[in-house]
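Could you put together the complete structure from these sequences and hints?
As a plain string of letters, each chain reads:
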Amino acid sequence: EDKVVQSPLSLVVHEGDTVTLNCSYEVTNFRSLLWYKQEKKAPTFLFMLTSSGIEKKSGRLSSILDKKELSSILNITATQTGDSAIYLCAVDNNAGNMLTFGGGTRLMVKP
Amino acid sequence: EPEVTQTPSHQVTQMGQEVILRCVPISNHLYFYWYRQILGQKVEFLVSFYNNEISEKSEIFDDQFSVERPDGSNFTLKIRSTKLEDSAMYFCASKFRTSSYEQYFGPGTRLTVT
Chain A
52 EDKVVQSPLS LVVHEGDTVT LNCSYEVTNF RSLLWYKQEK KAPTFLFMLT SSGIEKKSGR
112 LSSILDKKEL SSILNITATQ TGDSAIYLCA VDNNAGNMLT FGGGTRLMVK P
Chain B
663 EPEVTQTPSH QVTQMGQEVI LRCVPISNHL YFYWYRQILG QKVEFLVSFY NNEISEKSEI
723 FDDQFSVERP DGSNFTLKIR STKLEDSAMY FCASKFRTSS YEQYFGPGTR LTVT
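Top line first, the protein sequences correspond to chains A and B. Per the numbering used here, residue 52 is the first one in the first sequence, and the count goes up by one each step. Per the numbering used here, residue 663 is the first one in the second sequence, and the count goes up by one each step.
For the record, the hints were derived by calculation from the structure and aren't laboratory data. Here a beta-carbon is modelled for each residue, glycine too, at the ideal position from N, C-alpha and C. It cannot be assumed that every hint is accurate.
Pairwise CB distance ranges, derived in the manner of DEER restraints [to be verified]: (1) B:672 <-> A:61: 40 to 48 Å; (2) A:95 <-> B:736: 16 to 24 Å; (3) A:67 <-> B:674: 36 to 44 Å; (4) A:103 <-> B:671: 16 to 24 Å; (5) B:676 <-> A:103: 31 to 39 Å; (6) A:119 <-> B:672: 39 to 47 Å; (7) B:733 <-> A:103: 25 to 33 Å; (8) A:105 <-> B:675: 45 to 53 Å.
Here is the structure:
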């Protein structure tokens, strides 16, 4: 059975801190790993990673995939209160017919 | 920017009733999905749909569930006889094509079965 595990479960930081969120996976027919941000409702897309070692970056957020270690990290630098959300990791397998999600990391950024 | 839309945003129904959740995927997308998220739990895959047929479904997607693309824009999820445990947030998602493209999610329909 495919499995995606995220850590930590939750995290409380202060504005300006840097955070690292972890995702590990055990899936068959790995295609890509995706990070989503879930605030109130719909997960909103952040990054899709397919190749090991290539960092994807968007503003203060960055992510990298390690296929050897079957893991990925999501970094957020200079955190802001607007970064408070649940961050979801998901793996796309089996020719893209489904995403398997981890349980998420709940990030709270205090002013 | 194109987005996935879903209606209604909240549906309350009695146990045993049929419900239809509606989605309008992004217009040039070819792959469609339903996921659900029970409060406090993981987002779970239900079904994927491509070329007017189901391409993958999970164990959750039993005979009580069905999907349909009745026209060129809508994508629906029907639950024939709702149970209390069907209470969840249901997300529709769509993807352009192939595994190189990310899935975009709609805002969800919160289904409450009483």
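Which of the numbered hints are not met once you compare them with the structure shown? Numbers 1, 4, 5 and 7 - these are the hints that the structure violates, sorted from lowest upward.
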